[in-house]
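Chemist: If you want the building blocks of each chain, they are given just below.
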Amino acid sequence: MAKGYVRLTQPLVRDGDRATGVLRPATWDEALDRAAAGLAGTVASKGGSAVGIFSCSKATNEVNFAAQKLARAVLHSNNIDSCNRT
Amino acid sequence: MEQTDLVVLWGSNARETHPIFFHHLLRGVHNGARLYAVDPRRTSSAQWADCWLGLDVGSDIALANAVGREIIAAGLHDEEFITRATTGFEDYRARVDSCTLEYAERETGVPAALIRELAHAYATAPRAMICWTLGITEHHNAVDNVIALISLALLTGHVGRWGSGLNPLRGQNNVQGGGDMGALPDRLPGFQHVENDPLRARFDAAWGVAVPPTCGWNLTGMFHAMERGDLTALYVIGENPVQSEADQGKAIAALSGLEHLVVQDIFLTRTAQLADVVLPAAAAWAETEGTVTNSERRVQRVRKALAPPGEARDDLAIIFDLARRLGGPADAWGEPSAEAVWNELRTLSPVHGGMSYARLEAEGGLQWPCYDESHPGEPFLHSRLWEDPVPGTRAPFVPVDHDPPVDRLDADFPIRLTTGRRLDSYNTGVQSAGYRSPNRRGETIDLSPEDAAHLRVAEGERVRVISRRGAVEAPVRLDEGLRPGLAFMTLHFQDEVATNLLTIDATDPKSGTAEFKATAIRVEKLRPRTPRPRRSRPPVRS
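Taken in sequence, the protein lines are chains A and B.
Mapping of the first sequence onto the numbering used here: position 38 corresponds to residue 38, and the numbering continues sequentially without gaps.
Mapping of the second sequence onto the numbering used here: position 60 corresponds to residue 60, and the numbering continues sequentially without gaps.
There could be a bad hint or two in this list.
[To be verified] No more than 35 Å apart at the CA atoms, straight line, and that leaves these computed lysine-lysine pairs for DSBU-like: (1) B:304 with B:525; (2) B:510 with A:46; (3) B:250 with A:46; (4) B:250 with B:510.
[Said to hold, decoys possible] Listed next, the stretches of chain B that the computed footprint assigns to chain A, with coverage defined by at least 3 CB atoms under 8 Å from CB atoms of chain A: (5) 169-176; (6) 224-233; (7) 238-251; (8) 270-277; (9) 341-355; (10) 508-519.
No lab work stands behind these hints, which were simulated from the structure alone.
Note that the structure is predicted; figures quoted are calculated from it, not measured.
Cβ atoms here follow ideal geometry from the backbone N, Cα and C, with glycine treated the same way.
Produce the entire structure from the sequences given, and follow the hints as far as they go.
Modeler: Below, the structure is given as structure tokens:
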């Protein structure tokens with residue numbers, strides 16, 4: 001039987017590309033700036049339709065409301081879905 | 001559920017997948033309700049039933065149409081209700097006319113007598129419920145499957161009244177709420193359509209933006225967009241699509257090709273392991289404040305009992321912080337409080353308008369729609385269908401036709417694999433693997449005793465399971481609830497047995513749901529069947 005997963009306790013960022021890079025611990029500032037930069041850059045170069053959000057069906061209503069508001073009001077995208085397809 | 005006369009569990013193994021709901025269902029049974037189970041497998045839910053209809057995978061419309069035809073032929077349909085509250089009955093009647101009991105027995109494998117019994121029992125029960133889950137909706141024709149069931153309720157008037165109705169049982173504790181909150185590509189909060197200009201204008205005014213005026217892509221559409229290179233950045237919150245999507249090989253390739261992937265989760269799932277940025281979050285059921293919405297539309301409070309570990313943060317705080325760094329205005333995205341976010345939602349979603357935290361706490365939750373603070377919420381929907389005349393549009397009959405599963409059986413792939421869930425584990429197993437359970441036995445390929453004998457495989461023997469898309473290995477388990485030609489696996493142990501390497505992403509064009517319930521497989525032994533006989537040889541001369 002596989003060992004259970006352990007809780008994530010710190011942000012991680014990848015150094016290098018997806019195939020060969022590794023995830024390493026980072027501060028919240030570094031992680032959030034990096035997350036935001038990638039999303040903002042995509043919206044700026046390709047528009048909101050190139051960005052998507054998968055929201056969480058076990059998170060609260062408030063989190064889901066905030067996620068769709070982030071998509072629509074900040075990322076200019078209607079590409080958001082929760083676990084409705086299974 | 002506790003005050004009904006008949007329950008049909010159609011494509012639902014609620015005893016194992018919805019145990020709390022099933023507890024209420026059993027109270028109904030103890031109060032005298034009859035239980036019918038429609039499922040290819042004789043599951044533990046079916047064992048509780050007065051009658052089990054073991055149909056072939058993907059033949060639900062054939063069965064439902066035959067039930068409908070039999071109700072009409074026996075004169076048991078509710079003519080008053082049909083005339084007053086519905087449209088399209090004559091087209092429906094004509095379309096199901098060829099779906100005789102004999103036709104359905106051939107098409108579904110269910111004996112004609114049982115189909116007749118279900119039809120008569122359902123139609124004559126004073127109150128009756130149909131409950132369904134993924135057995136109906138994880139098909140390429142999911143929406144048609146649901147429509148076929150709706151037609152039965154419209155035939156008999158078993159809708160819009162206490163103790164009668166149509167009940168999809170939702171699979172996550174807040175999937176209903178997620179959709180209600182507008183985490184959908186075509187719906188704003190409160191299920192208001194994105195492309196409805198006056199409704200969208202209210203959100204534009206509230207947020208000071210222009211909400212994009214056309215629907216976005218759902219999850220299935222987003223995957224297709226990733227494959228085309230049209231969607232290149234993805235923010236995943238608490239989902240593990242690397243392991244939960246059908247045709248796992250394809251899903252991994254699509255996610256790997258993203259330019260930017262941000263994953264927010266409580267564990268380093270296989271999806272998080274692909275990410276550019278991983279954000280550690282709070283456990284939603286114990287480490288955060290807020291509300292959730294269940295299958296009976298009841299919104300209830302959840303409360304923070306623990307702090308998240310280490311540097312993990314509340315999901316709402318993470319999203320708000322991200323929004324500020326993305327240029328969202330500070331007055332809209334300041335330090336969040338769950339109650340303030342909820343109160344904003346209440347100003348924008350009429351059906352939640354009356355649900356203050358104070359009322360939710362005092363009442364033990366409220367069922368939407370709940371329009372204002374004096375509104376008690378609604379315990380059941382569609383009561384308007386019993387008014388004379390019916391306000392609004394009448395309920396339409398929509399005839400639908402049987403359409404067999406996409407992943408066809410043939411000589412190379414002769415066994416029908418259907419996948420599902422067990423009581424002891426949860427979805428891809430990330431959250432449940434860490435808890436010990438005497439019920440949890442790991443992944444198996446469940447085979448009928450007949451198939452196992454034909455394949456000459458024994459209980460516990462590891463075999464290779466192969467589909468047109470991939471292969472996995474798993475030990476055999478014999479299950480007498482499976483008919484010959486039907487196999488069962490779960491998605492609970494994806495790290496050990498990646499069942500979704502086998503499944504097909506044949507999706508319903510309307511709903512985007514994939515046909516997880518119908519994969520074509522073959523099973524192969526890993527070792528030769530019989531040991532080769534020893535031959536005597538002359539001694540080797542050195």
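Chemist: At a Cβ distance under 8 Å, does chain A reach at least three residues of the segment 341-355 of chain B?
Modeler: Coverage by chain A holds here, the residue count being 4 at a Cβ distance below 8 Å.
Chemist: Are there three or more residues in the segment 169-176 of chain B whose C-beta lies within less than 8 Å of some C-beta in chain A?
Modeler: As far as the segment 169-176 of chain B goes, the hint holds, because 5 residues have Cβ atoms under 8 Å from chain A.
Chemist: Would you check chain A against the segment 224-233 of chain B, counting CB to CB pairs closer than 8 Å, and say if three or more residues qualify?
Modeler: holds (count 5)
Chemist: Three residues minimum, CB to CB under 8 Å: does the segment 508-519 of chain B make the cut for coverage by chain A? Let me know.
Modeler: holds (count 5)
Chemist: Hey, residue 510 of chain B versus residue 46 of chain A, does the alpha-carbon distance stay inside 35 Å?
Modeler: Distance ~27 Å between residue 510 of chain B and residue 46 of chain A Cα, so the pair holds.
Chemist: Hinted pair, alpha-carbon criterion (35 Å max): residue 250 of chain B, residue 46 of chain A. Please report holds or violated.
Modeler: Holds. Residue 250 of chain B to residue 46 of chain A sits at ~24 Å (cutoff 35 Å).
Chemist: Within a Cα-Cα threshold of 35 Å, do residue 304 of chain B and residue 525 of chain B meet the stated pairing?
Modeler: violated (51 Å)
Chemist: Counting residues of the segment 238-251 of chain B whose CB is closer than 8 Å to a CB in chain A, do you get three or more?
Modeler: holds (count 4)
Chemist: Compare the distance between the alpha carbons of residue 250 of chain B and residue 510 of chain B with 35 Å, and conclude whether the hinted pair is satisfied.
Modeler: Cα-Cα ~21 Å, so holds.
Chemist: Counting residues of the segment 270-277 of chain B with a beta carbon closer than 8 Å to any beta carbon of chain A, are there 3 or more?
Modeler: holds (count 6)
In this structure, only the earlier hint numbered 1 is contradicted, and the remaining ones agree with it.
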